[in-house]
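Peer 1: Next come the chains, spelled out residue by residue.
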Amino acid sequence: MPKQQDQQERLSLRHILQEFEECADLTQREFPEIGAYIVYFSHSVDNLLLINQVLDPLSSLKRKKDLEQLLCESQFVPVTDSKTAVKGILGGGVAIFAADSVHLIDVFGPEARSVTESETESIIAGPHDAFVESATTNISLIRRRIRSSHLKVIHCAVGEVSKTDVYILYMKDIANLDYVKDLEGRIRRIETDAINDGGMLSQYIEDKPTSVFPQFLTTERPDVSSSKLVSGKILVLIDNSPTVISAPASFFEFFSSSDDYYERWVLGTALRLVRYVALLITLMLTALYVAVTSFHYEMIPESMLLTLAESRNRVPFPPVYEALMMEFTIELLREAGARLPTKVGQTIGIVGGIVIGQAAVQAGLTSNILIISVASSAIASFVIPSYLMSASLRVIRFGVIILAGVWGNMGLVFGIAVIVIHLCGLSSLGSSYLIPVAPMRSRDWKDVFIRAPFFALVTRPTQNQTSNPIRQKNRK
Amino acid sequence: MTEKIRPFNLAVLVYMSQVGIVVFTLPRTLADYFGTNGWLFLIPCFLLVSFNIYLISCVYRLGKGRSVFDILEQSVPKLLLYPLYAALITVWMLFGCVIGKKYVLLFQMLAFPTTNPMVFKLMFDLLAFMLIIKGIYAISRAATMFFWITLWMYLLLLWVLPDFNWVRLTPFILQGGHDQIKGGLEVYGAFLGYEMSLLLFPYISKAKGSMAAIQAGNAYLSFSYINLGLISFGIFSQDQLKQLLYPLLDILAYIQFPFVERLENLLYGFFLFLVLITAVMYWWGALETARRILPRLKQQVLTFMLLGITYSISFIPKTIDEVNTWIGFLGNVTIGIAFGLPLLLITLLLIQKKGEKRDG
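Chains A and B supply the protein sequences, listed in that same order. For the record, in the first sequence the residue sitting at position 468 is 468 according to the working numbering, with numbers rising by one throughout. For the record, in the second sequence the residue sitting at position 309 is 1309 according to the working numbering, with numbers rising by one throughout.
Don't read these hints as lab results, they were simulated from the structure. Glycine included, every Cβ here is placed at the ideal spot set by N, Cα and C. Take these hints with a grain of salt, some might be off.
Below are the DSBU-like pairs computed for lysine-lysine, each with C-alpha atoms no more than 35 Å apart in a straight line [what the hints assert, rightly or not]:
(1) A:Lys181 x A:Lys163
(2) B:Lys1206 x B:Lys1298
(3) A:Lys181 x B:Lys1298
(4) A:Lys181 x B:Lys1004
(5) B:Lys1078 x A:Lys208
Covered stretches of chain A, going by a simulated chain B footprint (3 or more residues, C-beta under 8 Å) [to be verified]:
(6) 234-247
(7) 451-465
With the Cβ distance kept under 10 Å, some of the chain A side facing chain B (calculated, not the full set) [claimed, not checked]:
(8) Glu298
(9) Met304
(10) Gln358
(11) Phe398
(12) Val418
The task is simple: from the sequences and hints, build the whole structure.
Peer 2: Have a look at this one:
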């Protein structure tokens, strides 16, 4: 009987080794005195933990009986099937094969980037730390800010091959549990081989993945995430990605930034209004230039007409080609700047600036006024805090310019109508994407278009459908 | 989380369905048919519309918020109803169609005289199609968005205010007009669109203020019409208004900023949002009715068919005059529906109530 059991265990070890055949990074060690054998990935474990919890204790043992006693300790989890053992080893555990049992101990601790400042969402005032690729570190950054047992975490694994850890975070007494269930269901229903980033995950769970607009807000900032949590939103963290998803989201949420709250309310309000103006400029300025110079010269006052005519008289193309060409060049510059290292990126900026700013005008390829309008649109698009939203708007702008080039002002208006109608059909977790404007929730306007003083921000956003809508007592 | 149209959004939807293409000619119609201080005629129109909305709210109360089609189908055999439905579909479809066509023809006249207007009409219909297939809640959201996008245009009236002169209004009231009945129907036509609220019953929130919201939408529309009428009479005077084809466009053309002037065709573009919602609401009404006859057909297919038919029909009236004749005729029929349908429904509901009492 013992012989048969021994054979079974050996078979299990053999099975594990077979599973990891041709995995050169697998580490195996034998402890012959006590008949133990350990298997792990050295790059996934914390070396100190490995030495203290596994290597040192096992090396000090002299008898098999001592091993049995050691393995009784709670950190060693007995495993009965090889699937769990494989999963444990892949997840940063050490599998200990004794004569008649297999145990797993978690000593997970891979190399990770340390917490640094966010490059995509930098702010002036306020905390500067940003999420990293480790989901556990990210959760700790949030837990550090919300010290409440009501902060709940649901774990799921996504990706048939990658088995990536995904965590859903919500405040039990604030968040709407129907939203939580809906979101969890969507994540669990994902069937794909691997998901590598939060931005990618959000496209799998959005209400309308074909839309150009992001329907969930993504952020790299723990302060933003924790403020979303306490306002009743749900967060989704994915391991190996610094991008956190916040749901549900509304279109207008993409225009607020965390510094709005860290600065005086008047400044916060002014900045928000600037961003909405930036939205209009991004979408419409170049298109308006095209419409006016192609069809509606009567709209330009006499004093400006001369300047404009002078600047355009050498340009051989119709305004729409001129504008599309310049917008395309700006996009090329932006993309090149984003891909290159910072120092080279700066050079590209200077070269691009000179080429676009001076040479193109001198060569008679474009007019000065168009340069101003294209540059203003580009700058305005970068004012929008969410990179995803700003990129979407920049793409849409091309469509509006073409429409303006074909039908002038009417094309421009058609373009706006198409965008608004499209936005009206969007939803985020089933709630309107245009809330609090359509449907109208005037109560929320004071934290959407302006940033009212804190004493006035008494309630949580209606979109969150929270069971606990009151955020604070009105002290005023 | 079932969505319902809440009172504010309902008021906006009603207002946006009402305000349409007539706004461009309204001051001239008032001056031409009603003479001096013709804008005063807007007040009885407002009161009459309010009464009509009261009738609609009676239907809502008596029917306890049931769909008007359910009320009709409970008492009248479907075979008899189908011709009525077909008539409603035809009138609403065509009315939406000619409203769109007139907008497009006006724009062609303003800015693109050589372009075929049917190309613009196609784009207009495409926008309507995109909106209608998204359902009434999306239409309501779009109406609210467009309402905010166009609201600032009222501020432009401030620009012309310094040229307003009370003397031009004259102390005489409704002198020098003609064909008041014809003119009255034309002016009343500018208020049409509110009757679509009859079809909204299943989609509005059961909150108390819903019926008041319809009245509020109409009150706001009347307020803006009266403002526009008063300002037009105070700027142009009655005789001049009679000569102007589109007084509102002239007011808009008068506005100048240091960096931009002759804004009328850009601002005219913004009126697209108002006209679009009016046309979309009529087409949505036609679609809702058509779904009663063809319930199995997919909504997208039905919408495509309806809009395809209206687009083909919109080739027929070629000039603005022809379109105006169509609008005049269809407007009169629509006024008949706006009064007739609620009265019919109230009668049916009273009969149904009597029957219920007798049965139990």
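Peer 1: Run every hint past the structure and note whether it holds.
Peer 2: Outcome of the hint check:
{"no.": "1", "hint": "A:Lys181 x A:Lys163", "in the structure": "21 Å, holds"}
{"no.": "2", "hint": "B:Lys1206 x B:Lys1298", "in the structure": "28 Å, holds"}
{"no.": "3", "hint": "A:Lys181 x B:Lys1298", "in the structure": "31 Å, holds"}
{"no.": "4", "hint": "A:Lys181 x B:Lys1004", "in the structure": "23 Å, holds"}
{"no.": "5", "hint": "B:Lys1078 x A:Lys208", "in the structure": "39 Å, violated"}
{"no.": "6", "hint": "234-247", "in the structure": "violated (count 0)"}
{"no.": "7", "hint": "451-465", "in the structure": "violated (count 1)"}
{"no.": "8", "hint": "Glu298", "in the structure": "5 Å, holds"}
{"no.": "9", "hint": "Met304", "in the structure": "7 Å, holds"}
{"no.": "10", "hint": "Gln358", "in the structure": "25 Å, violated"}
{"no.": "11", "hint": "Phe398", "in the structure": "18 Å, violated"}
{"no.": "12", "hint": "Val418", "in the structure": "7 Å, holds"}
Checked against the numbered hints above, the structure breaks hints 5, 6, 7, 10, 11 and satisfies the rest.
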